[in-house]
Amino acid sequence: MSDPNPNLPNPNLDAAAAMATEVPQAAALGFQMVSAADARGVMHAPWREDLVGDPDTGVIASGVVTSLLDHCCGMAITATTGERRPTATLDLRIDYMRPAASRAGVTVEAHCYYMTRSIAFVRAHAWDADPADPIATAQAAFMLAGPVGPGTGGAA
Amino acid sequence: MTPEDHLRAFLARAPYIRFLGMTAELAGDELTGVLPFSPHLIGNTLLPALHGGVIGGFLEMTALAQLAVTQSTPRVHKTIDVTIEYLRPGRALTTYARADLRKVGRRIANVHVEAWQEARSQPIAALRGHFMLAED
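Just so you know, the sequences run in chain order V and D.
When the count follows this note's numbering, it moves up by one through the first sequence with no breaks and lands on 156 for the last residue.
When the count follows this note's numbering, it moves up by one through the second sequence with no breaks and lands on 1136 for the last residue.
It is worth saying that the hints were derived from the structure and are not from the lab.
Here are a few chain D residues that face chain V, going by a calculated C-beta distance under 8 Å:
1. P1015
2. N1044
3. V1076
4. T1079
Derived lysine to any residue pairs resembling SDA-like cross-links, with alpha carbons at most 25 Å apart:
5. K1078(D) x A129(V)
6. K1078(D) x D1100(D)
7. K1078(D) x D50(V)
8. K1103(D) x M1132(D)
9. K1103(D) x A1134(D)
10. K1103(D) x T1083(D)
11. K1078(D) x E109(V)
12. K1103(D) x P1003(D)
13. K1078(D) x P46(V)
14. K1103(D) x R1128(D)
15. K1078(D) x R123(V)
16. K1103(D) x P99(V)
17. K1078(D) x D91(V)
18. K1078(D) x D133(V)
19. K1078(D) x H44(V)
20. K1078(D) x D130(V)
21. K1078(D) x R98(V)
22. K1078(D) x T57(V)
23. K1078(D) x E49(V)
24. K1103(D) x R93(V)
25. K1078(D) x P131(V)
26. K1078(D) x W127(V)
27. K1103(D) x R98(V)
Each residue gets a CB set at the ideal place from its N, CA and C atoms; glycine is no exception.
This is chain D alone, in the form it adopts within the complex:
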């Protein structure tokens, strides 16, 4: 299977990813998660701004998608812990995220993810997390 096949399989697998409306694009083996704005993602109607949980879920799914592409197994990798830092409000715009696999060991991966909207240099949120790698 190609990286594109692994990504397609990952995105098609979880109903929650369709609930979010998340997609992703690949440049070689580097993945960019894409979350188009949708009204059901709003957490603050005054601004309006994306819900913190939506941003956190999207960052986590981007980490898992990148792992699915580069550490492909028939089974799913599991999240152990995540720390999400919120840097700017997530506005009613498309959000992008890219994951950096800081360390992939035999059983555990450490992943950093950063999300942005209009400018990559102005991130709206970041995630650091550990993931238990599924065995073949």
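The shape of chain V in the complex, shown without the other chains:
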């Protein structure tokens, strides 16, 4: 798919990497940036005992996948604009194909496939072992806030 806006600045990898460590929820879940470039972001959440959803199977909770999908979509936007603009998730649709394997971490790739001045459209998929065998897919729309400054808050 061609870039909708060839005049966008170059992605800033540092800004994307900071998203995995500086956001409290991402740090609490142990998110790790894998890559961020060309409107795509890849992020990994390692398996952890305290993040299990079903102790009978040892499968990581779907809520962790929800946070990772949302967060990685935000990183794909950063990888498109090259700066960390505040974004507000408008909606997030997630389809769960199958549970992750027991004691497996989860990786997400998100692609910001179209962006207007105020809205970003992002698709993402999550897998445990093989990107071609997803555990979940997602589609999201985000509102892009203006530059950070006094009085520009109002949406998360």
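Based on these hints, arrange chain D on the given structure of chain V.
Frame of chain V; chain D shown alone:
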């Protein structure tokens, strides 16, 4: 087992629910999910605001908790799909959620959930989802 027993069992079962710090209360068979604010739930430090994934996870867990109370089986119900709509920023406050079982069929349940903080009339997020019901 009473509805309270089913709820206690559901909340005690998943380590992720303890990670969130989620609890729930029952009035008859109607459940209210409760998510006290905690710094590790923040997704935007500037506002500050709850992470969208935290709100989504909490809404989904509230749906599953309500199903565990009214459609109790020894096994867990599974999420098929969810659509989460974000209406207002989730502020650094306690969040509440209530699930409405729109349709419970033999195998699939359709559930709507709404979350709010200070006022029920000002919801911060909503979820619509399908869940595969576990068999006994």
